[in-house]
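There are 2 protein chains.
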Amino acid sequence: MTSQIPTVVSRSTLKRLPLYLHVLEDLQRQGQEYASCTMIAGKFDFGPTQVRKDLEVTGAEGTAKIGFKVSALVKDIKEFLGWHNAHDAFLVGAGNMGKALLGYKDFDKYGLNIVAAFDQDPKKVGTKIFNKEILPMEKMANLVKRMHINIGIVTVPAEFAQGVVDIMVSVGIKAIWNFAPAPLQIPEGIILENARLTQSLAVLTNKLTMNFDKEMKG
Amino acid sequence: MTSQIPTVVSRSTLKRLPLYLHVLEDLQRQGQEYASCTMIAGKFDFGPTQVRKDLEVTGAEGTAKIGFKVSALVKDIKEFLGWHNAHDAFLVGAGNMGKALLGYKDFDKYGLNIVAAFDQDPKKVGTKIFNKEILPMEKMANLVKRMHINIGIVTVPAEFAQGVVDIMVSVGIKAIWNFAPAPLQIPEGIILENARLTQSLAVLTNKLTMNFDKEMKG
Chain E
7 MTSQIPTVVS RSTLKRLPLY LHVLEDLQRQ GQEYASCTMI AGKFDFGPTQ
57 VRKDLEVTGA EGTAKIGFKV SALVKDIKEF LGWHNAHDAF LVGAGNMGKA
107 LLGYKDFDKY GLNIVAAFDQ DPKKVGTKIF NKEILPMEKM ANLVKRMHIN
157 IGIVTVPAEF AQGVVDIMVS VGIKAIWNFA PAPLQIPEGI ILENARLTQS
207 LAVLTNKLTM NFDKEMKG
Chain L
7 MTSQIPTVVS RSTLKRLPLY LHVLEDLQRQ GQEYASCTMI AGKFDFGPTQ
57 VRKDLEVTGA EGTAKIGFKV SALVKDIKEF LGWHNAHDAF LVGAGNMGKA
107 LLGYKDFDKY GLNIVAAFDQ DPKKVGTKIF NKEILPMEKM ANLVKRMHIN
157 IGIVTVPAEF AQGVVDIMVS VGIKAIWNFA PAPLQIPEGI ILENARLTQS
207 LAVLTNKLTM NFDKEMKG
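In order, the protein sequence lines correspond to chains E and L. Residues 7 to 224 (the numbering used here) are what the first sequence spells out, left to right. Residues 7 to 224 (the numbering used here) are what the second sequence spells out, left to right.
Errors might be hidden in some of the hints.
Copies of the same chain look alike in the list, so a pair counts if it fits in one copy or across any two.
[Said to hold, decoys possible] Below, simulated DSSO-like cross-link-like pairs (lysine-lysine); rule was C-alpha separation at most 30 Å, straight line:
id, residue 1, residue 2
1, K213, K21
2, K71, K130
3, K59, K75
4, K84, K151
5, K213, K145
6, K21, K84
7, K71, K49
8, K220, K49
9, K151, K71
10, K129, K111
Just so you know, the hints here were simulated from the structure itself, not pulled from any lab data. Since the structure is predicted, the reported quantities are computational estimates derived from the model, not experimental observations.
Make a model of the complete structure from these sequences and hints.
This is the structure in structure tokens:
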């Protein structure tokens with residue numbers, strides 16, 4: 007990694023980097039040792055120039071005509087995304103989405119380690135999901151401090167999301183990954199990232215509906 | 007709905023509409039009957055002009071100074087997104103993510119009805135998850151046709167994703183919602199929407215890492 011990394015990188019670039027990583031991991035599975043921007047761009051509907059520009063922010067250095075060493079590039083992207091170290095996280099809401107995230111094995115590849123889950127349902131408290139303990143909400147404040155937890159994952163229903171986020175912020179959580187379909191207010195300085203499935207679904211169902219309309223008219 | 011709806015709407019607009027819907031549902035829970043663009047915009051970091059422009063595509067009609075009737079606006083947005091009718095979908099990959107989606111109760115609000123799941127693991131086939139049957143892959147072709155299924159949801163590991171998508175396309179699936187962290191190739195005319203958690207996670211962990219770096223340096 008070079009030292010001239012810009013502090014603020016566009017959201018679009020940040021969201022493309024994991025895609026490159028997936029392509030590179032695919033190439034690694036195939037035993038490919040080097041990759042060019044053109045090779046990576048071949049999987050997307052934007053060109054190699056975009057790929058080159060995006061990769062620059064990671065400080066990765068390629069060689070003319072040969073390209074990037076795949077293993078080095080994977081390392082540089084992971085470092086840039088903060089995926090080389092595990093970030094410990096707490097999850098609140100041990101419903102279906104919460105359970106899925108607790109059981110999602112690939113998160114360790116992406117620097118995320120969900121260490122425990124919290125729920126307000128006494129029937130869930132004390133049980134284990136994928137070997138992770140479900141704890142009562144009252145224990146969160148103490149544990150966030152003791153275990154230096156920075157990330158809070160919200161998987162409660164929409165109407166409880168703001169309440170959970172308020173608690174998270176008050177106990178010292180610095181970054182919130184929200185899966186609840188609800189608008190959230192957070193104080194300045196706290197990072198909020200929404201992983202809203204409904205937004206992705208909206209694009210899909212709208213396009214599908216538009217295609218049907220076209221077929222009906224055509 | 008008016009008849010002057012543009013056929014192609016930007017992806018950004020499409021992704022903001024569900025957010026407005028979440029705000030409106032929140033207002034409905036609070037018993038609010040009318041909502042203005044300013045009121046909706048108050049929950050976001052963009053202004054009422056953006057909200058007004060986005061809402062225009064749905065054909066929703068507001069009244070000056072009073073705003074939109076919340077129930078009518080909810081209906082117009084849902085219609086525009088294709089969420090007023092249920093779209094039947096098949097899911098392939100009954101692992102943790104697959105299970106979560108099968109159990110996610112809110113999908114019916116968003117026009118998605120996952121009717122069955124498929125898996126190649128003989129131990130899973132024949133079992134039920136949230137009352138939905140897990141079927142063998144060989145049955146998909148026949149059932150897609152018989153049940154007029156248009157949407158395929160991919161929740162298999164990255165290395166199997168392209169194979170599953172190829173099967174889906176060959177049996178007549180028209181729109182694919184992909185949860186696998188893998189680059190996918192699809193023929194023209196097929197809709198592909200990626201719901202990649204890793205992209206959202208990348209933004210979160212990068213910002214958190216950057217904040218730490220700043221603290222260390224400052």
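Here is how each hint holds up against the structure:
1. Proximity of K213 to K21 under the C-alpha cut-off of 30 Å is found in both arrangements, the shortest distances being 22 Å within a copy and 12 Å between copies.
2. Taking the shortest Cα distances, K71 and K130 never come within 30 Å of each other, neither inside one copy (57 Å) nor across copies (48 Å).
3. Taking the shortest Cα distances, K59 and K75 sit within 30 Å of each other inside one copy (17 Å), while across copies they are farther apart (46 Å).
4. In this homomeric assembly, K84 and K151 come within 30 Å of each other (Cα to Cα) only inside a single copy, at 27 Å, whereas the closest approach across copies is 43 Å.
5. Within a single copy, K213 and K145 get their C-alpha atoms only as close as 45 Å, which misses the 30 Å cut-off; across copies the closest is 27 Å, which meets it.
6. For a Cα distance limit of 30 Å, the shortest separation of K21 from K84 qualifies both inside one copy, at 13 Å, and across copies, at 27 Å.
7. Taking the shortest Cα distances, K71 and K49 sit within 30 Å of each other inside one copy (19 Å), while across copies they are farther apart (49 Å).
8. In this assembly of identical chains, the alpha carbons of K220 and K49 lie at most 30 Å apart only when taken from the same copy (28 Å versus 35 Å across copies).
9. Proximity of K151 and K71 under a CA criterion of 30 Å is satisfied in neither setting, with 50 Å inside one chain copy and 48 Å between copies.
10. Both within a single protomer and between protomers do K129 and K111 lie at most 30 Å apart by alpha-carbon distance, with minima of 25 Å and 20 Å respectively.
Checked against the numbered hints above, the structure violates hints 2, 9; every other hint is satisfied.
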